[in-house]
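Novice: This is what each chain is made of:
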Amino acid sequence: MPQSAESWFKQLGWKAQDFQKECWEAYAAGKSGLLNAPTGSGKTYALMLAAMMEANPDEAAGLKLLWLSPIRALTKELELAAQRAISGLQLNWTVGIRTGDTSEKEKRAQAQKLPDLLITTPESLHLMLARKEYAKQLKLLRCVVVDEWHELLGTKRGVLVELGLSRLKGLLPELKVWGISATIGNLPEAKQVLHGYAYSPEKVVTVRAQLKKEVEIITLFPDEIEKFPWAGHLGIRMLDKVLPLLDQSKSTLIFTNTRSFAEVWYQKLLEAAPHLAGQIAMHHGSVSKELRYWVEDALHQGLLKVVVCTSSLDLGVDFRPVDTVIQIGSPKGVSRFLQRAGRSGHQPGKPSRIYFVPTHSLEILEGAALREAASEMLLEDRIPYLRSFDVLAQYLMTLAVSDGFYPKQIFREVSETFCFQEITWDEFEAVLRFLVKGGDTLKAYDEFHRLEVFPDGLHKVTSRKIAMQHRLSIGTIVSDQSLMVKYMSGKKIGAVEEWFVAQLKPGTVFWLAGKNLELIQIKGMDVLVKPSSKTKGLVPSWMGGRMPLSSNLSFMLRKKMTEWDSSEEEELKLLAPLVAKQRELSHAPTAHEFLIEKLETEEGFHLFAFPFEGRFVNQGLASLLAWRLSLIQPFTFSIAINDYGFELLSDQEIPIEMGLDSDIFTTEHLLDDLQKSLNETEMARRKFRDIARISGLVFQGYPGKPVKQKHLQSNSQLFFDVFEQYEPGHFLLKQAYEEVLDFELEQVRLRRALERIAHQEIILRYPEKPTPFGFPIMVDRLNREKFSTESMEDRIKKMLAQFGE
Amino acid sequence: MMEIEIKGERLVLLSEKAAYWPKHARLFLSDVHLGKTQHFRKNGLALSSGAEEQDIQSIKQLVDRLAPKEVYILGDLFHSDLNSEWPLFQAFISEYPETQFLLVPGNHDVLDHSVYKNSNLQVCASQHFCEPFTLIHELPENPEKEAFYFYGHIHPGVVLKGKGRQIMRLPAFYLGKNYLLLPAFGRLTGLHVPKVSKSVTVYAASTESVFEVPLAGRG
Numbered sequence: 001m002p003q004s005a006e007s008w009f010k011q012l013g014w015k016a017q018d019f020q021k022e023c024w025e026a027y028a029a030g031k032s033g034l035l036n037a038p039t040g041s042g043k044t045y046a047l048m049l050a051a052m053m054e055a056n057p058d059e060a061a062g063l064k065l066l067w068l069s070p071i072r073a074l075t076k077e078l079e080l081a082a083q084r085a086i087s088g089l090q091l092n093w094t095v096g097i098r099t100g101d102t103s104e105k106e107k108r109a110q111a112q113k114l115p116d117l118l119i120t121t122p123e124s125l126h127l128m129l130a131r132k133e134y135a136k137q138l139k140l141l142r143c144v145v146v147d148e149w150h151e152l153l154g155t156k157r158g159v160l161v162e163l164g165l166s167r168l169k170g171l172l173p174e175l176k177v178w179g180i181s182a183t184i185g186n187l188p189e190a191k192q193v194l195h196g197y198a199y200s201p202e203k204v205v206t207v208r209a210q211l212k213k214e215v216e217i218i219t220l221f222p223d224e225i226e227k228f229p230w231a232g233h234l235g236i237r238m239l240d241k242v243l244p245l246l247d248q249s250k251s252t253l254i255f256t257n258t259r260s261f262a263e264v265w266y267q268k269l270l271e272a273a274p275h276l277a278g279q280i281a282m283h284h285g286s287v288s289k290e291l292r293y294w295v296e297d298a299l300h301q302g303l304l305k306v307v308v309c310t311s312s313l314d315l316g317v318d319f320r321p322v323d324t325v326i327q328i329g330s331p332k333g334v335s336r337f338l339q340r341a342g343r344s345g346h347q348p349g350k351p352s353r354i355y356f357v358p359t360h361s362l363e364i365l366e367g368a369a370l371r372e373a374a375s376e377m378l379l380e381d382r383i384p385y386l387r388s389f390d391v392l393a394q395y396l397m398t399l400a401v402s403d404g405f406y407p408k409q410i411f412r413e414v415s416e417t418f419c420f421q422e423i424t425w426d427e428f429e430a431v432l433r434f435l436v437k438g439g440d441t442l443k444a445y446d447e448f449h450r451l452e453v454f455p456d457g458l459h460k461v462t463s464r465k466i467a468m469q470h471r472l473s474i475g476t477i478v479s480d481q482s483l484m485v486k487y488m489s490g491k492k493i494g495a496v497e498e499w500f501v502a503q504l505k506p507g508t509v510f511w512l513a514g515k516n517l518e519l520i521q522i523k524g525m526d527v528l529v530k531p532s533s534k535t536k537g538l539v540p541s542w543m544g545g546r547m548p549l550s551s552n553l554s555f556m557l558r559k560k561m562t563e564w565d566s567s568e569e570e571e572l573k574l575l576a577p578l579v580a581k582q583r584e585l586s587h588a589p590t591a592h593e594f595l596i597e598k599l600e601t602e603e604g605f606h607l608f609a610f611p612f613e614g615r616f617v618n619q620g621l622a623s624l625l626a627w628r629l630s631l632i633q634p635f636t637f638s639i640a641i642n643d644y645g646f647e648l649l650s651d652q653e654i655p656i657e658m659g660l661d662s663d664i665f666t667t668e669h670l671l672d673d674l675q676k677s678l679n680e681t682e683m684a685r686r687k688f689r690d691i692a693r694i695s696g697l698v699f700q701g702y703p704g705k706p707v708k709q710k711h712l713q714s715n716s717q718l719f720f721d722v723f724e725q726y727e728p729g730h731f732l733l734k735q736a737y738e739e740v741l742d743f744e745l746e747q748v749r750l751r752r753a754l755e756r757i758a759h760q761e762i763i764l765r766y767p768e769k770p771t772p773f774g775f776p777i778m779v780d781r782l783n784r785e786k787f788s789t790e791s792m793e794d795r796i797k798k799m800l801a802q803f804g805e
Numbered sequence: 001m002m003e004i005e006i007k008g009e010r011l012v013l014l015s016e017k018a019a020y021w022p023k024h025a026r027l028f029l030s031d032v033h034l035g036k037t038q039h040f041r042k043n044g045l046a047l048s049s050g051a052e053e054q055d056i057q058s059i060k061q062l063v064d065r066l067a068p069k070e071v072y073i074l075g076d077l078f079h080s081d082l083n084s085e086w087p088l089f090q091a092f093i094s095e096y097p098e099t100q101f102l103l104v105p106g107n108h109d110v111l112d113h114s115v116y117k118n119s120n121l122q123v124c125a126s127q128h129f130c131e132p133f134t135l136i137h138e139l140p141e142n143p144e145k146e147a148f149y150f151y152g153h154i155h156p157g158v159v160l161k162g163k164g165r166q167i168m169r170l171p172a173f174y175l176g177k178n179y180l181l182l183p184a185f186g187r188l189t190g191l192h193v194p195k196v197s198k199s200v201t202v203y204a205a206s207t208e209s210v211f212e213v214p215l216a217g218r219g
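Residue numbers (this note's numbering), protein chains in the order written: chain R, 1 to 805; chain G, 1 to 219.
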């Protein structure tokens with residue numbers, strides 16, 4: 001008989017925690033559930049041991065426990081923990097990892113027989129379902145654990161998990177499903193999404209680990225607020241304030257918001273403090289896997305004094321030697337900030353300490369907002385995706401390339417997931433028609449062969465080429481095409497994107513992973529380089545969405561603005577000169593006021609508004625305002641956004657006064673107006689790029705021979721245009737618009753913002769020059785959105801007239 | 001419409017992205033890329049038809065309006081291997097026995113010669129002299145001294161920049177001292193903005209008009 005977890009713990013001198021015991025008991029009673037526990041709390045053993053205690057020494061080898069983890073970096077640590085437990089409990093289990101990193105040889109061995117415990121990713125689960133006779137391999141499976149579920153929830157990878165689980169539950173009615181989640185705003189919903197509607201509620205429990213940690217938040221201040229810039233994201237001026245912290249600490253993590261900022265900070269730190277050489281490293285998503293693993297190991301062993309990183313180090317195992325965490329620029333959300341803070345101070349009883357480094361003057365206010373939000377534990381919700389038909393199309397293809405499927409059965413399983421709880425048979429059939437006939441129109445496409453229907457109703461792929469292309473396309477992470485940067489020896493350094501490479505010539509020097517590199521040549525998908533001694537170089541940047549300020553942090557920010565003159569907090573006191581300047585030029589709004597500024601410069605006519613709602617909602621409000629203004633007269637706008645407000649820029653005067661008279665911020669006809677305004681911008685078109693790839697409309701190419709980014713993009717644009725014109729009701733097109741409304745514009749939040757504005761006093765000011773609030777938005781040249789309701793001919797006439805001036 | 005003069009000959013640039021030579025009733029167009037949707041579909045990518053029927057429709061409208069004697073296609077008429085778009089095109093040209101359709105082949109025109117032979121389409125040499133102009137798909141690396149080329153291939157466009165950070169991308173004709181570069185005729189094609197010297201005149205084609213882009217307006 002294997003020994004029990006508790007007696008093994010006793011041997012080790014450990015004491016089982018209450019939440020661990022609770023999990024073991026609930027599991028033994030055959031229940032599924034959600035465990036709410038932070039990293040480093042013993043959450044792994046709470047569930048791993050529960051499943052292991054169910055083991056029976058006489059049973060056949062084969063997969064019993066499937067452990068899904070969102071990131072590969074975690075899998076090594078999990079494997080070690082599993083091996084220790086297996087020998088501790090004296091089981092005859094084997095354990096294996098399967099991710100994109102797994103060698104071909106091991107994959108083949110696993111194809112013969114799966115280990116008893118398999119640690120893998122959501123994508124690899126779908127790859128298993130794409131293999132012939134998958135049901136046979138899974139017949140002994142008793143439990144699936146979804147680790148770090150809060151990270152998957154609110155992404156399309158989460159939908160992959162939901163769909164994968166629906167199939168497993170269809171195969172194995174007794175299957176137990178457990179999730180592990182850090183604390184988020186909507187924990188009950190997280191549980192519902194994971195379990196769907198296949199289980200009766202009393203079979204699903206919630207277990208909470210009651211661990212609370214003190215967090216100390218310290219804002220670093222510039223010496224003189226008057227000289228601190230109004231705009232900016234980098235914050236390099238604060239370098240002098242950061243350096244002393246590094247010297248005082250054993251090991252420091254510095255979080256930046258983008259990969260290129262990490263590159264710049266790394267270089268500037270080394271320049272300012274050459275003694276850090278050899279003890280400073282960088283970690284971000286485009287640094288090669290080999291280098292990242294090295295950095296993680298070195299952090300564990302306490303060999304590094306400083307690591308400059310991005311969200312790539314948000315997740316994963318704890319680095320005990322880290323005693324200081326620094327956040328450069330707005331963390332955008334309370335949860336993320338606290339999660340990062342939690343990377344330090346692992347000694348029991350000691351508080352976690354995090355330093356916040358503002359990058360421009362108004363951002364200083366966020367320090368105060370973060371502190372209050374943290375003390376009230378205002379953690380954000382993770383909004384789950386609903387009705388992601390692109391993922392459904394991919395999933396059906398996955399089932400079709402293995403053993404095929406019968407639609408009625410799969411429809412039943414799918415409609416028990418949270419994501420597709422409202423799907424109708426008609427909608428499901430539309431997806432099938434898309435896969436079988438290629439379209440929703442009645443016209444038959446004789447040359448279209450993807451999914452075939454057999455006389456008995458079985459839907460199956462017979463073309464080997466299509467099956468192979470599909471297996472290569474499984475997954476929902478859509479990344480821009482990247483090229484691998486390597487030394488001549490073949491050693492990998494990291495990845496840069498195609499458009500960045502396009503501007504390099506042999507001899508050009510650029511920075512990557514903290515190294516100065518000179519380009520030798522580009523060979524296929526490899527960028528060959530050698531070290532350079534030059535100190536100046538290009539800094540690559542990477543595409544990738546910018547997170548908006550969360551609604552919780554926005555709320556707190558607006559609250560702080562009501563305390564301009566009354567608060568004793570240092571952040572607000574320091575900002576007094578800036579507020580005075582804003583008041584002199586225009587007005588400093590409180591939470592009860594909505595500020596609009598109108599002015600003219602050489603560039604044209606500007607309108608600024610400051611909802612303080614995060615960039616997505618601000619974007620939605622800007623589009624809405626642009627649309628409603630264009631009902632007065634046709635307009636072309638260039639729209640710029642930040643987390644605090646937005647700008648409409650035009651070549652003609654903007655009649656906002658007339659708009660305000662006719663209640664331009666009303667919530668009436670909101671959805672209708674938003675949809676119309678969307679047609680005048682590029683947002684849905686951009687969203688469609690991802691949908692086209694996930695649903696299999698466009699193929700990304702074979703490994704080592706990917707399709708060029710440019711072609712992929714123009715192909716997905718093409719589909720968008722053709723659908724718009726010939727199949728405007730196509731479900732993928734509708735999805736693009738819905739996703740823009742829900743995720744880009746956050747329409748629920750947007751409606752609340754409008755309701756709030758309706759109760760605010762609108763303050764319209766005519767400053768003579770840009771104000772501290774408006775300036776940072778005005779100078780954004782890169783991320784502008786176009787909006788136009790003027791005819792092309794009229795715009796051309798006006799432009800030609802300007803050229804003549 | 002925009003009238004220009006090249007080598008003493010009057011030519012008309014059309015907003016439909018084609019050029020017309022009234023004296024001889026000759027119509028020039030380039031890069032139609034028919035068959036692209038079928039090409040996608042064959043590879044398992046769903047794309048509704050209609051788009052290129054529309055390209056054929058656009059050629060038809062031009063032919064109806066101008067009644068040209070000759071229609072020269074400067075390459076890339078057909079995007080890929082033979083597929084069901086071809087018979088549509090073939091049927092269309094056979095409706096116009098009075099008009100001669102000629103193809104100066106480009107890099108995408110890979111259909112078997114027998115296919116062309118069975119149609120009313122006449123395939124020219126890859127460099128076709130049409131006094132005083134030379135028709136070709138791509139500009140040769142070493143152009144002949146006296147020649148004036150009409151060519152396509154690169155799907156040229158132009159970027160206009162105006163007040164209030166306005167930006168517009170339009171297909172365009174480029175008129176150099178020894179060439180006229182034509183925009184792509186097909187709808188399912190992209191735009192490329194070539195870098196050219198100031199001496200080159202750029203004519204943009206919008207939905208209803210063709211106009212010269214002043215130097216100040218080129219982005």
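A couple of the hints might just be wrong.
[Stated by the list, open to error] To spell it out: a stretch of chain R is covered by chain G in this simulated footprint if at least three of its residues, at any positions, have a beta carbon under 8 Å from a beta carbon of chain G; those stretches are: (1) 32-38; (2) 597-607; (3) 784-797.
[As the list claims (entries may be wrong)] Computed from the model, here is a short list of chain G residues facing chain R with C-beta under 7 Å: (4) Arg-65; (5) Ala-67; (6) Lys-69; (7) Leu-160; (8) Gly-162; (9) Gly-176; (10) Ser-206; (11) Ala-216; (12) Gly-217.
No lab work stands behind these hints: they were computed from the structure. Think of the CB as a built atom: it goes at the ideal place given N, C-alpha and C, for glycine as much as any other residue.
Novice: Hints the structure violates: just list their numbers, smallest first.
Specialist: 1, 4, 5, 6, 9
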